[in-house]
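**Student:** Sequence:
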Amino acid sequence: MASHTLKCNPDSKVHEQSNRPKFMHQHTLKFSKHYPIMDDPIEECKQRLVEATAELKEKRKVFAEKMAKSREQRVLLQHDVNALEERKLKCQSFIRDNDAKRWRALQKFCTDNHLCTVKKKERQNLISELRKAKELYASLLAKVANLKKYETYLQTVVDSLPKDYIKLADDAIIGLIMRYNSLHSTNERLKREMETKAEELRQAQNDLRKLKESHRFLLFNKNSELSALYSERECLDSNFQATNSTFVQSHDDLVNQLSFFMTVIRAINNLTGKLLRTYDITLCGQTLLSKIQKMTVLSRCHFIEDRISTIRTILAQIVTDTGQLPVCKCCRPQLTNQQIAGVIATSPSELAFLIKLTTLPINLTDGQQLLKKPAEYVSEQTPHPR
Numbered sequence: 152m153a154s155h156t157l158k159c160n161p162d163s164k165v166h167e168q169s170n171r172p173k174f175m176h177q178h179t180l181k182f183s184k185h186y187p188i189m190d191d192p193i194e195e196c197k198q199r200l201v202e203a204t205a206e207l208k209e210k211r212k213v214f215a216e217k218m219a220k221s222r223e224q225r226v227l228l229q230h231d232v233n234a235l236e237e238r239k240l241k242c243q244s245f246i247r248d249n250d251a252k253r254w255r256a257l258q259k260f261c262t263d264n265h266l267c268t269v270k271k272k273e274r275q276n277l278i279s280e281l282r283k284a285k286e287l288y289a290s291l292l293a294k295v296a297n298l299k300k301y302e303t304y305l306q307t308v309v310d311s312l313p314k315d316y317i318k319l320a321d322d323a324i325i326g327l328i329m330r331y332n333s334l335h336s337t338n339e340r341l342k343r344e345m346e347t348k349a350e351e352l353r354q355a356q357n358d359l360r361k362l363k364e365s366h367r368f369l370l371f372n373k374n375s376e377l378s379a380l381y382s383e384r385e386c387l388d389s390n391f392q393a394t395n396s397t398f399v400q401s402h403d404d405l406v407n408q409l410s411f412f413m414t415v416i417r418a419i420n421n422l423t424g425k426l427l428r429t430y431d432i433t434l435c436g437q438t439l440l441s442k443i444q445k446m447t448v449l450s451r452c453h454f455i456e457d458r459i460s461t462i463r464t465i466l467a468q469i470v471t472d473t474g475q476l477p478v479c480k481c482c483r484p485q486l487t488n489q490q491i492a493g494v495i496a497t498s499p500s501e502l503a504f505l506i507k508l509t510t511l512p513i514n515l516t517d518g519q520q521l522l523k524k525p526a527e528y529v530s531e532q533t534p535h536p537r
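Under the working numbering, the first residue of the sequence shown carries the number 152, and numbering increases by one thereafter.
The set of hints was computed from the structure by calculation and includes no laboratory data. Small disclaimer: the values here were computed from a predicted structure and weren't measured. Possibly wrong hints are sitting among the right ones.
Straight line, CA to CA, 27 Å or less: simulated DSSO-like cross-link-like pairs of lysine-lysine [claimed, not checked]:
#, residue 1, residue 2
1, 283, 294
2, 270, 283
3, 445, 425
4, 259, 272
5, 252, 239
6, 208, 197
7, 241, 252
8, 283, 271
9, 363, 373
10, 361, 348
11, 283, 272
12, 220, 210
13, 442, 425
14, 283, 299
15, 259, 270
16, 361, 373
17, 285, 300
18, 271, 259
19, 197, 212
20, 285, 271
Using the sequences plus the hints, can you model the full thing?
**Tutor:** Quick look at the structure:
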């Protein structure tokens with residue numbers, strides 16, 4: 152350690168000396184002991200590190216002893232807590248038993264008190280019923296004494312009746328009463344039956360009268376409805392005949408218009424194909440047909456109109472320059488059928504433009520409009536309602 156030398160430049164020494172007071176200040180804050188000032192700071196740091204290590208070991212030893220004591224105290228405290236929990240459980244069970252006993256005693260007292268109250272009420276009810284029974288018995292004795300005179304009267308009636316009038320009766324008075332009751336019930340039953348039959352007969356007569364009136368009213372309504380239906384049928388037959396004739400006539404007109412319209416469409420397709428081939432001679436067959444299909448009918452008409460306007464402009468310019476109209480003697484070219492496969496749908500605006508185009512007069516006007524290329528017409532296509 153003594154032979155160890157430090158290799159550093161002067162700048163590093165200056166930097167170390169500048170940082171030394173801060174280093175010393177930090178360690179003086181950490182350790183409370185005073186150390187002698189040494190020439191070598193590394194040795195001083197090593198000495199302080201050794202002492203700090205020794206002090207740390209002592210502190211660890213003291214901390215371990217305190218932790219052991221705390222563990223023992225924790226174990227003892229846990230035992231005390233367990234004992235308190237057991238005591239708490241025993242006390243709770245004792246308190247629950249006492250509460251149950253107190254509740255059973257209170258419930259028994261309430262039950263006995265209720266039974267006593269009920270028995271008192273029953274006794275009072277029985278006393279009142281006994282008093283009412285005595286009163287009823289006294290009234291019944293009075294009624295028996297009052298009805299005794301009717302018995303004597305019936306006895307005199309039985310004595311005055313012919314012999315063997317009442318048979319199979321142990322007591323003549325009871326037999327007479329039963330005979331009277333049976334005759335009275337039979338008479339009442341026959342009267343009720345007669346009144347019921349009379350009421351049913353009156354109700355049946357009312358129902359019959361109502362049925363006759365409803366039948367007459369229903370027959371009148373049905374006859375009115377039948378006459379209205381016959382008149383409506385005649386009107387419907389006449390309307391059907393008129394509609395059928397109108398439909399046949401309008402169908403013939405529509406067929407003629409459709410044939411004329413398809414002729415115009417084929418002519419437009421043929422002219423469009425001819426004009427497209429003037430720009431590109433290689434177009435033919437399906438290629439030409441697909442290119443025509445990409446253009447709407449309105450775009451084809453604009454294309455043809457622009458070509459006609461350009462030709463008119465050129466002819467007007469030639470007439471202005473030469474003073475005569477050039478005439479070419481040639482036969483009419485054979486138009487090929489360029490009709491697009493399937494139904495061609497056009498909007499009302501396109502149909503109006505075609506009608507206007509077919510009725511447009513030919514006038515030579517001076518203009519400088521040039522013919523557009525077919526690609527420009529394809530790009531100007533706008534969707535129309537189909």
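**Student:** Determine for every hint whether it applies to the structure shown.
**Tutor:** Taking the hints in turn, this is what the structure says about them:
| no. | hint | result |
| --- | --- | --- |
| 1 | 283 with 294 | holds (16 Å) |
| 2 | 270 with 283 | holds (20 Å) |
| 3 | 445 with 425 | holds (16 Å) |
| 4 | 259 with 272 | holds (20 Å) |
| 5 | 252 with 239 | holds (20 Å) |
| 6 | 208 with 197 | holds (17 Å) |
| 7 | 241 with 252 | holds (17 Å) |
| 8 | 283 with 271 | holds (19 Å) |
| 9 | 363 with 373 | holds (15 Å) |
| 10 | 361 with 348 | holds (20 Å) |
| 11 | 283 with 272 | holds (17 Å) |
| 12 | 220 with 210 | holds (15 Å) |
| 13 | 442 with 425 | holds (12 Å) |
| 14 | 283 with 299 | holds (24 Å) |
| 15 | 259 with 270 | holds (16 Å) |
| 16 | 361 with 373 | holds (18 Å) |
| 17 | 285 with 300 | holds (24 Å) |
| 18 | 271 with 259 | holds (18 Å) |
| 19 | 197 with 212 | holds (23 Å) |
| 20 | 285 with 271 | holds (21 Å) |
Every hint, counting from the list given before, is met by this structure.
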